[in-house]
Structures are given as structure tokens and as C-alpha cells.
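The chain contents come next:
2 protein chains.
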Amino acid sequence: MSAIVDVGLTRFQKKREENVVALAAAAYKPLLRHAEKIDFVIVANSYSGELNLVSGINNHFTSHVSLDKVRSLRADNISGSGGTAIFMADTLIKAKVAQTVLVIGVEKMSDKNTAENAEIISTLLTERERESGVTLPSLAALMAKSYMQEYNADREAIAWVAVKSHKNGSLNQYAHYQKETSIQQVMNSAIVADPLRAFEYSPISDGAAALLITSNENAIKFTPKPVFIKAIGFAADTSHLTFRDDFTSIEAVREAGKMAYSMANVKPKDIGFAELHDMATILEIVQSEDLQLFDRGQGWHCARDGTTAIDGQMPINTSGGLISKGHPIGASGVAQATEAFFQIRGEAGARQVKSNKLGLSISLAGFGNNATVIVYGDSE
Amino acid sequence: MSAIVDVGLTRFQKKREENVVALAAAAYKPLLRHAEKIDFVIVANSYSGELNLVSGINNHFTSHVSLDKVRSLRADNISGSGGTAIFMADTLIKAKVAQTVLVIGVEKMSDKNTAENAEIISTLLTERERESGVTLPSLAALMAKSYMQEYNADREAIAWVAVKSHKNGSLNQYAHYQKETSIQQVMNSAIVADPLRAFEYSPISDGAAALLITSNENAIKFTPKPVFIKAIGFAADTSHLTFRDDFTSIEAVREAGKMAYSMANVKPKDIGFAELHDMATILEIVQSEDLQLFDRGQGWHCARDGTTAIDGQMPINTSGGLISKGHPIGASGVAQATEAFFQIRGEAGARQVKSNKLGLSISLAGFGNNATVIVYGDSE
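Chains as they are written, first to last, in the working numbering: chain A, 871 to 1250; chain B, 871 to 1250.
Watch out, some of these pointers could steer you wrong.
Because identical chains share one entry, a pair is satisfied inside a single copy or across any pair of copies.
To be verified - In silico DSSO-like links for lysine-lysine, alpha-carbon gap of 30 Å or less:
hint, residue 1, residue 2
1, K1015, K1091
2, K1128, K1049
3, K884, K1091
4, K966, K982
5, K939, K964
6, K966, K1139
7, K885, K1137
8, K982, K1091
9, K982, K1128
10, K939, K1049
11, K1139, K1091
12, K982, K1095
13, K907, K1139
14, K885, K964
15, K1049, K1091
16, K1227, K982
17, K939, K1137
18, K964, K884
19, K899, K1128
Think of the hints as simulated: they come from the structure by calculation, not from any bench. Computed from a prediction, not measured in an experiment: that's the story for all the values here.
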């Protein structure tokens, strides 16, 4: 496997001034000192063509930052692009095709307005479902309804995920929202798709994140404290939501999780913290169960009762998650790895968890079309 | 390394009826019988968002063809996407992360008109150059002028590349243009960017191509005649054309070529046939020299004097090349590999070359931002 030896991050924001290429470069800036070591660049990005009128963004980026002679590509898996890019970087290193890979995740969404963004993102849905009026927010709402019915879950308890995430975000200088919010504010925010409300969804953001990944053997040359990628599970499921058996669980997440635990030879209870793909509150809950961090039907308690808080028994989305940190599509999965990097190195400041030897992240394509689960650790 | 064990291809055409996902599926159709063996899918595609309002095309594709449980991603490197996707497939196999990878190259350009396509493709150029009015056709024209001046090359000799390519295309049932053309027709076609004329450029096409790639050890289970990927060179250069030293040569091609020859342990003179990235006539000539198939300044003779004909000493673009076969961006590099597959297996029919033990292809991103050179052979 491989190790993360350095990271870079821009603040995720509603509107950043740089163009999408310069935004990617801003995340890379702290890694400039490693430039000569980089022998491959993967740019995780989905929508630079549609949003920013830029194609071949990997080539634009390498030329912009004077990595002209370094091979590159764009890895796209919609909202799961970040995890997929890390998977491909790890694969390049495993195959000894590259030694040190720069992974950049970037999306600049503010070049379009909210309606345009929604329209563009909806193109990931199958035609039949899109035409019948399905949207990603409405799928999350449907999942919330199914979950509440199945497990007799309390509506407000689900909304507590947003309260917890905003609290964490308030401690993260890179987060889109850096303000705490109350349960009343969440429950009084506008309904987006019944029963879920505006504060329960990730916002549209601009942002970029960067990772320097190298072989385990090589890692020590960069830092005395590498963060090791112990396993990457990667699994897929149908994009036709109507073909899925169960709407309170995501098969791709379950399978990718099992694969990752098995590869890393760890148990769910060993995990010290997790960055989940909380495009909406309910998704954090469902994923926490799919990854066996909690028993089936028990996840909904865990934000309200403090279990998933930074000082709780199983801290989830210490970064603020997609809901509070923001969700610039291509950047999200890469930024999760930066949070794991900070936590495992003990550099997460006010967000620091105690049980920081082993963490995981999940990067989700679409509504579970595929998923990568990465296990990070302080040892190989 | 790895081996190609089966291929699929749609005809490249001005307008195909299927949508972009169904078009990809059409290329996959002959490979359906291998479905259970496929454990990874890479879709080479650049512009499905801009051209077809489809994102996450890899997920759409896997669900469309019932490969729902197979992991996938979209690999994008603009016009070089096909070669990059093959490189990544080979890497997955080398790393033993996958055993049998389906590579699909696809682009459906006819959903937009010619002006819209030109506008979309121009987004691969750096902003400064695009704003100064540079286009890919004008860069090819500039290259032609520089080359003619440097090597005192005959204008008509360059145009003969198109005559040769159309002749080859007339023998290829998958080609966009399947009609021979005369030197007079080429020289009388409209000037696109002086001195180059319409028949000297690749057309805008719809099309898809598919490869089944597996490990060398595994290949024999699929076919007694695998086509081995002996080497893949991959090199990059600045996207800022104005920063390049020489406009009669492409550094990324030279470097990727050297790398491929060295990895495959072959010499340029061992190569039996080549599929080059002839976005314009002059590019075939320059690449043939950059790959040392001909001496510097000698490539321009070779179409007119028959050297690069199917029965010539060094057949180039037996498929018809991008000029005659067509250039659906994401599909082109993948389709080149299908031609190598047919040639090496002796299945190229009227296009069959005699020296078919060793072939190469070059997939070019942009105007040489990066390039992959693949060496194919009948043995490991």
C-alpha cells in the first residue's frame, strides 16, 4: 500500500475568486517544495467542462504549476471522484508505475447558479429516473422516510447530525460554514424535500484539496509521521435506484466497507474516527450502520446523544463533513483524507480526537453507484 | 504487462442514433460473453457532460449493460483519453488490483453542431492562447508551415497523407469515410487554416470502441491469439504552446516513444505498422519522425511514395487514421488498439499488413500536452 506524506487545502467557500485551475493550484501550494519528487498527477474533478468551460484540466493544472513534464489524467467518478483518485494513486504506486503521486481534488461550482448546478448534477441520474422528477435531494428525503418508518427513528434526532456537523465546522478554518447552529435553526430551515430541510444538506461550494502519496518505503524520506493508507475497498451497485432492494442501506458502502476491513485486517470497533459522505444528514446515519460502526437501526441516536461528537465514542465528520465543510464535488473525497491526515498526526487542533490511530473515510459516487472506503492508520 | 484478448467497435459516423451510453454499449456488445470475467471498467471519455448532458458516464454504462457490481471510473485526458485508459487498465492489472479490465472509449459529438464542438474542444487550450485566437486546426497549420520551411517539404506531399488515409478508410467497415479521394480533391477542398485544407483534418464523429484486457498469464483462457501490450510510454510537456522550443516536433511523443521502445526492448525499425494520431496530415508526418520511424525531415515523402501504404515498408494508419476513420475524442485511442489487434491476429482483411508481429499506436492529449505510445506484439 501507500502513505500520505503531506497535504494542502483551500478553504471551501460559496465563492472563491480564482478560476478552477488557480483554485487547484492554491491547494497544491504547500506541497510546492516536493515538486521534484512528483512523478504522476491525478486530478479528481467531475464538472470543469460544464461548470467552468475548461477541459483537460489536468493539463491546465500541470502547466499552471510548472509540473509540465509530469504525466497526468483526470479521474472522474462524480461525487466519488476523490476516493477513486486516491485508489488510482495507490494502484500506480503498487504497480511501481509511479513512486510519488500528487492527487488534487477540485470543483468550482460558483461559476453557475444553484439551479444550473442542480440541473448539471442531475445528469448523473439515469434518464428514466431523472425524467420522472427524481433528484439527489429527493432521494435522500425518501431514504429518511424509509429509515424513520423502518426503525421508528425520531425526526429531530436525524436533524441533530447537522447540529453536530456545524459545531465541528465551526472549529475548522477550511470549512464553508464556520458557525454553530441549534436544533431549532435546523428544524426551522426551509424544507428542501420533505422531511429534510436546508441545513441538512451539503451546500454548493468552491474548493480544492491536495495529497502527496508515496510508497510506504519512501514515506519516511518525506516525514517522520506518514499517514498510511492501510486499505481501500471499492464496490459498485446499480445506478437504477428503483432496482435496489433496500432503501435504508447502500450496498456499495456495505461491500466496500467489508472489503476495506478485511484488507486492513481491522474490525469496525477498532476505527477511531470516520469521515462519511453526508450529502444529507440521513446519509451519515445510514453509512455509519452500513460500515458497522453502529448496529442496524441504531445510528440515528448517535448525533443527539453525543456518540459521534469529537469527544464521543465514535467521532464522525470531525471536519464538519459535507454538510458544514462543503461539497465541491471533485474535492470532497480528497479533503476527507486531509482530515484523516490531521487527526492521525495529532494536528487537528480543536477538532482533535483521542482515538486517532485508525480512521476511515467514504467517498460515494452518486447515490451509491459506487463507493470507496479508505482505512488510514499511523502504522503500515 | 497485459494482453488484449477481445475487442468491439462501432462504425464511426457523422451521426449515430443511439445516445452516448447506448453507443458505448454497442461497442461492448461483442464482449458480452465475457461479462462474468470483467472486474473493472474504465470509460475513456472527455466531453459527455458538455456534449451529451451526461455525467458519471461510467456508472450509466455499467448499469446499462448489467455490469452493476463492477467498479468503474471515467479516465479523461482529452484527445489522449484512450491511450491513458489503456495505461490505467494495464496498471490495475500490474498492481493485481484487477484481473480483467474492460476499456470503453466513447464520444458522441453530433449532439452539438460543428461550431459548438469547436468551441467546446477549444477549452483544452490555455486561456491566454485561446483568447489570442489560437485553435487546434490553426496550430496544425502553423506546424505545417514551420515544417515546410524547415525541411523544404513539398506542400502536395503532405496532402498525400490524406489520400493514403482515405484509401485505407475505404477498406475499413468501421471508418467514418469509406471512399477514396484524389490528391486533386484534397488540394481543392476548402482551406481550414492556411495551408491545410478540410480533407487534411479529422472529422467530427460519433463512435465507440471496446477492449478486453487481462494479465498475460490469464490471456490464454480467452483466446489462443492474445495481442500483448509490450510497453506503454507516457510522457508530458507544457500545454503552453508558446513555451515550446520546436514546432516541427512534439516532445511528449519523442519521450513517450523512447520510453516505450526501451521498455519493450525493441528498435523503431522493428515496428511493423503504426497507428498515429493524425488529427491533421502534418501530425502524422511529425509523429512518424518523432517516433524514429523515419529520419528527421524525411517523413513528408512517405505517403506520396507509398512507404506508408498498407503494402509499403512502414504502413501507417491502416485503419484510415483519425482523418478517414474519424475522431470521436474518447474513442480514438481505444480504436487504435482494435486496429493493432486485427493486424497482429491477421484479421485485418483487405487492410492486412505483412509485417504484423509488432505494431504501435500513439494517443495524443491536446497538441502534445501528453502522449501515450503503446507497443503491441504477438508475443510477451
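Within a copy, between copies, both or neither: where do K1015 and K1091 come within 30 Å Cα-Cα? neither (51 Å within a copy, 49 Å between copies)
Within, between, both or neither: how does the pair K939, K964 come out at a Cα-Cα threshold of 30 Å? The answer is both: 22 Å in one copy and 24 Å across copies each meet 30 Å.
At most 30 Å between CA atoms: does that hold for K1049 and K1091 within a copy, between copies, both, or neither? Classified as neither; 39 Å inside a copy, 60 Å across copies.
When Cα atoms must be at most 30 Å apart, do K1128 and K1049 count as within-copy, between-copy, both, or neither? neither (35 Å within a copy, 56 Å between copies)
Same-copy or cross-copy closeness of K964 to K884 [CA-CA at most 30 Å]: Classified as neither; 37 Å inside a copy, 42 Å across copies.
If the cut is 30 Å between Cα atoms, do K982 and K1095 qualify within a copy, between copies, both or neither? Intra 40 Å, inter 51 Å, cutoff 30 Å: neither.
How would you classify K885 and K964 at a CA-CA limit of 30 Å: within, between, both, or neither? Neither, since 38 Å and 42 Å both go past 30 Å.
Checking K899 and K1128: alpha-carbon separation at most 30 Å within a copy, between copies, both or neither? Neither way: K899 and K1128 sit 36 Å apart in one copy and 32 Å across, limit 30 Å.
Between the shortest in-copy and the shortest cross-copy C-alpha distance, which are at most 30 Å for K939 and K1049: within, between, both, or neither? neither (43 Å within a copy, 40 Å between copies)
Same-copy or cross-copy closeness of K966 to K982 [CA-CA at most 30 Å]: Neither. Shortest intra-copy (40 Å) and inter-copy (41 Å) distances fail the 30 Å Cα cut-off.
Is the C-alpha distance from K1227 to K982 at most 30 Å within one copy, between copies, in both cases, or in neither? neither (40 Å within a copy, 52 Å between copies)
State whether the alpha carbon distance between K1139 and K1091 is at most 30 Å within one copy, between copies, both, or neither. Neither, since 32 Å and 42 Å both go past 30 Å.
Hints 1, 2, 3, 4, 7, 8, 9, 10, 11, 12, 13, 14, 15, 16, 18, 19 from the list above are not met by this structure, while the remaining hints are.
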